[in-house]
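Since the structure of chain D is provided, determine the placement of chain V on it from the hints.
Protein chains in written order, with this note's numbering: chain D, 23 to 383; chain V, 23 to 383.
Bear in mind the hints are in silico, worked out from the structure with no lab data behind them. Take the hints with a grain of salt, since some may be wrong.
One copy or any two copies: either way a pair holds, since identical chains are not told apart in the list.
[Said to hold, decoys possible] Below are the SDA-like pairs computed for lysine to any residue, each with C-alpha atoms no more than 20 Å apart in a straight line:
hint, residue 1, residue 2
1, K106, T129
2, K243, E193
3, K200, K227
4, K88, P220
5, K36, H145
All values derive from a computational prediction rather than experimental measurement.
2 protein chains.
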Amino acid sequence: MITPLARLKEKISKNKSDAILISSVPNIIYLTGYSGFSKEEREAFLLITKNAQYILADGRYIGSAKTLIPDFKLIEISSKNSVKETLKNLKTKHKIKKLGFEGNNITFSEHKKLLTRFDDSNHQSLESLRSIKSSEEILKIKKACRLGDKTFDYILKKIKLGVSEKELAFEIEFFIKKHGADISFRPIVAFGKNSAIPHHQPSYKRLTTKDKFVLLDFGVKLNNYCSDMTRTVFFGKPTSEQKKMYETVLAAQQKVIESLHDISIYDAMAKNVDKVARDYILSKGYETIPHSVGHGIGIDVHEAPHLSPKSKDILKEGMVFSIEPGIYIPGFGGVRIEDLVVLEKTNPRLLTTSTRDLIIL
Amino acid sequence: MITPLARLKEKISKNKSDAILISSVPNIIYLTGYSGFSKEEREAFLLITKNAQYILADGRYIGSAKTLIPDFKLIEISSKNSVKETLKNLKTKHKIKKLGFEGNNITFSEHKKLLTRFDDSNHQSLESLRSIKSSEEILKIKKACRLGDKTFDYILKKIKLGVSEKELAFEIEFFIKKHGADISFRPIVAFGKNSAIPHHQPSYKRLTTKDKFVLLDFGVKLNNYCSDMTRTVFFGKPTSEQKKMYETVLAAQQKVIESLHDISIYDAMAKNVDKVARDYILSKGYETIPHSVGHGIGIDVHEAPHLSPKSKDILKEGMVFSIEPGIYIPGFGGVRIEDLVVLEKTNPRLLTTSTRDLIIL
Numbered sequence: 023m024i025t026p027l028a029r030l031k032e033k034i035s036k037n038k039s040d041a042i043l044i045s046s047v048p049n050i051i052y053l054t055g056y057s058g059f060s061k062e063e064r065e066a067f068l069l070i071t072k073n074a075q076y077i078l079a080d081g082r083y084i085g086s087a088k089t090l091i092p093d094f095k096l097i098e099i100s101s102k103n104s105v106k107e108t109l110k111n112l113k114t115k116h117k118i119k120k121l122g123f124e125g126n127n128i129t130f131s132e133h134k135k136l137l138t139r140f141d142d143s144n145h146q147s148l149e150s151l152r153s154i155k156s157s158e159e160i161l162k163i164k165k166a167c168r169l170g171d172k173t174f175d176y177i178l179k180k181i182k183l184g185v186s187e188k189e190l191a192f193e194i195e196f197f198i199k200k201h202g203a204d205i206s207f208r209p210i211v212a213f214g215k216n217s218a219i220p221h222h223q224p225s226y227k228r229l230t231t232k233d234k235f236v237l238l239d240f241g242v243k244l245n246n247y248c249s250d251m252t253r254t255v256f257f258g259k260p261t262s263e264q265k266k267m268y269e270t271v272l273a274a275q276q277k278v279i280e281s282l283h284d285i286s287i288y289d290a291m292a293k294n295v296d297k298v299a300r301d302y303i304l305s306k307g308y309e310t311i312p313h314s315v316g317h318g319i320g321i322d323v324h325e326a327p328h329l330s331p332k333s334k335d336i337l338k339e340g341m342v343f344s345i346e347p348g349i350y351i352p353g354f355g356g357v358r359i360e361d362l363v364v365l366e367k368t369n370p371r372l373l374t375t376s377t378r379d380l381i382i383l
Numbered sequence: 023m024i025t026p027l028a029r030l031k032e033k034i035s036k037n038k039s040d041a042i043l044i045s046s047v048p049n050i051i052y053l054t055g056y057s058g059f060s061k062e063e064r065e066a067f068l069l070i071t072k073n074a075q076y077i078l079a080d081g082r083y084i085g086s087a088k089t090l091i092p093d094f095k096l097i098e099i100s101s102k103n104s105v106k107e108t109l110k111n112l113k114t115k116h117k118i119k120k121l122g123f124e125g126n127n128i129t130f131s132e133h134k135k136l137l138t139r140f141d142d143s144n145h146q147s148l149e150s151l152r153s154i155k156s157s158e159e160i161l162k163i164k165k166a167c168r169l170g171d172k173t174f175d176y177i178l179k180k181i182k183l184g185v186s187e188k189e190l191a192f193e194i195e196f197f198i199k200k201h202g203a204d205i206s207f208r209p210i211v212a213f214g215k216n217s218a219i220p221h222h223q224p225s226y227k228r229l230t231t232k233d234k235f236v237l238l239d240f241g242v243k244l245n246n247y248c249s250d251m252t253r254t255v256f257f258g259k260p261t262s263e264q265k266k267m268y269e270t271v272l273a274a275q276q277k278v279i280e281s282l283h284d285i286s287i288y289d290a291m292a293k294n295v296d297k298v299a300r301d302y303i304l305s306k307g308y309e310t311i312p313h314s315v316g317h318g319i320g321i322d323v324h325e326a327p328h329l330s331p332k333s334k335d336i337l338k339e340g341m342v343f344s345i346e347p348g349i350y351i352p353g354f355g356g357v358r359i360e361d362l363v364v365l366e367k368t369n370p371r372l373l374t375t376s377t378r379d380l381i382i383l
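Bound-form chain D, shown alone:
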């Protein structure tokens, strides 16, 4: 198996660079396995050349980094030995002229301070670096999905008259954390017409018999890997219109899954897969889906590939992504169903396994 580090070094050679500076936390986790750095503040960089790899971090991390990241040489950053100074030294030592960096992550100020001294530094698109998952990674995502499925079972029992969106969101988070995991994003819980807002933030709204729609969108982060799932259940018997919405979304999702069987996955344009769900929902007289039909997932809850109308991504074996069509009628309500699949050699395999049958509570 090609290690993430070897994969990156291939990229360095392919781009005819001398080295690459890694700054984004997900890529640091991917390349080192170490997840102790904050996402809020810049705490570390990796500098990777064709035949050496360094981690630059301050004194707080030296102890843990030494034990946990054995393949990297550690350079302690301090007021006496700044990142700038360190990069200057490494530039000389490794004769680095052409340096790649993550333009989507490095700030304007960091670029100015750290990178202008390099003869030739350029933005590298590393978006695809993590898009094909190893079997180990797929197993980690599967485990996160399993806890997600368990969470769904648990939360169904908590959906009762008078409960608030915030309370359910809290219960989801509580259950996940009690099981030693983290949430991969803030859970979305939306009752009634709030379910028509795709990114609704849980409010103090309490569940009534009139609401009917209960949309739950949440994910687990376990061993650095994320899950993501959405279910829309009904509190009381849905009207025929509500039922039709549900069945249309479910059929749209099923059509996407089937389309991944039929086509040769080696040249499946992600945008065409998006189109399968989008067109089906349009054909049933609903508005187009106001978001993309799916997104890759792994260390980040949103990463490549992107299943959207403008995507240029090609779906390949080993990719893991969501399929999440939805119908949203402002002032009335919305339905979204979201599952994760992994593309295997001959077919897609669902990683989330909670029932997709219409549930009436």
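Frame of chain D; chain V shown alone:
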């Protein structure tokens, strides 16, 4: 009272800019009061000229933004109306030549895509924008501190033989969230020699009678404003060496607080305040504090002013910051005591009020 928006507009005039592009979520919250945007993904920009202000966000936010941000004109970003296109139109409309932006927040790629077309765009240091707090803001921080103090009372009862660091960290988070607030950062819980690592991540380590040190560092986020506090308590009677460490840290903190009484606060260099604690701890034969003695706090848990040896910040009335000296002896243990103060006209006022007396459990 000068509103945050008026304060920013003064800055535009002072810098002889025509407008400023705001991208960081804390500054968006500060200027609009709206906190619905993700910190993980770029979801909004503000464009502020001397006499107009716009918010650029996608369709998901249009509904809530309209009601919640009345003073801003809303521009919906979509695949048909990109941020780039919108900025181009606003440039023409308001004859913007000189545009300020947040160089510490805008990425290299965003700068290239969005800002190179402006005749003159330059990084604006907005670090000091939020450093002087209004009385309303101070009240919000005080309320967050009050819940922090309550959390400390609660967690003391949970410190028992065999409990793990992770369990206590979870209990802290659970208690804060149950009270309708959020954590301002992941709680640090460190037993025994782990307390010698200033940024220790809670582990599965269980408390034993040999550990003695129990270091707790946590904060509350309530109504967008953060608190932050640290206490080190003893599980069993401390040795005389441990007791001396505690007393030294407490005295160092007390000296800092007193120094804020003595000096005219209108020209108190933050680095001199840092020095008060640093020198005292050195004078008692310990190593220098491996972090800064304090940091401003508000919408962000770390913001200006910075109380560190290299800081150029001047402490002024209305600033709120932490005072958190510490002594760390690798392989043995550490003590840190952290409280928040607000600089009032004639003296500093503590916002955290949990006892700082040595606690033996």
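Here is what the structure says about each hint:
In this assembly of identical chains, the alpha carbons of K106 and T129 lie at most 20 Å apart whether taken from the same copy (14 Å) or from different copies (18 Å). Proximity of K243 and E193 under a CA criterion of 20 Å is satisfied in both settings, with 16 Å inside one chain copy and 19 Å between copies. With identical chains, the CA atoms of K200 and K227 are at most 20 Å apart between copies only, with a shortest distance of 17 Å across copies and 25 Å within one. For the homomeric pair K88 and P220, the shortest alpha-carbon distance between copies (17 Å) is at most 20 Å, but the shortest distance inside one copy (44 Å) is not.
Taking the closest pair of Cα atoms, K36 and H145 come within 20 Å of each other only inside a single copy of the chain (14 Å); across copies the shortest separation is 34 Å, beyond that limit.
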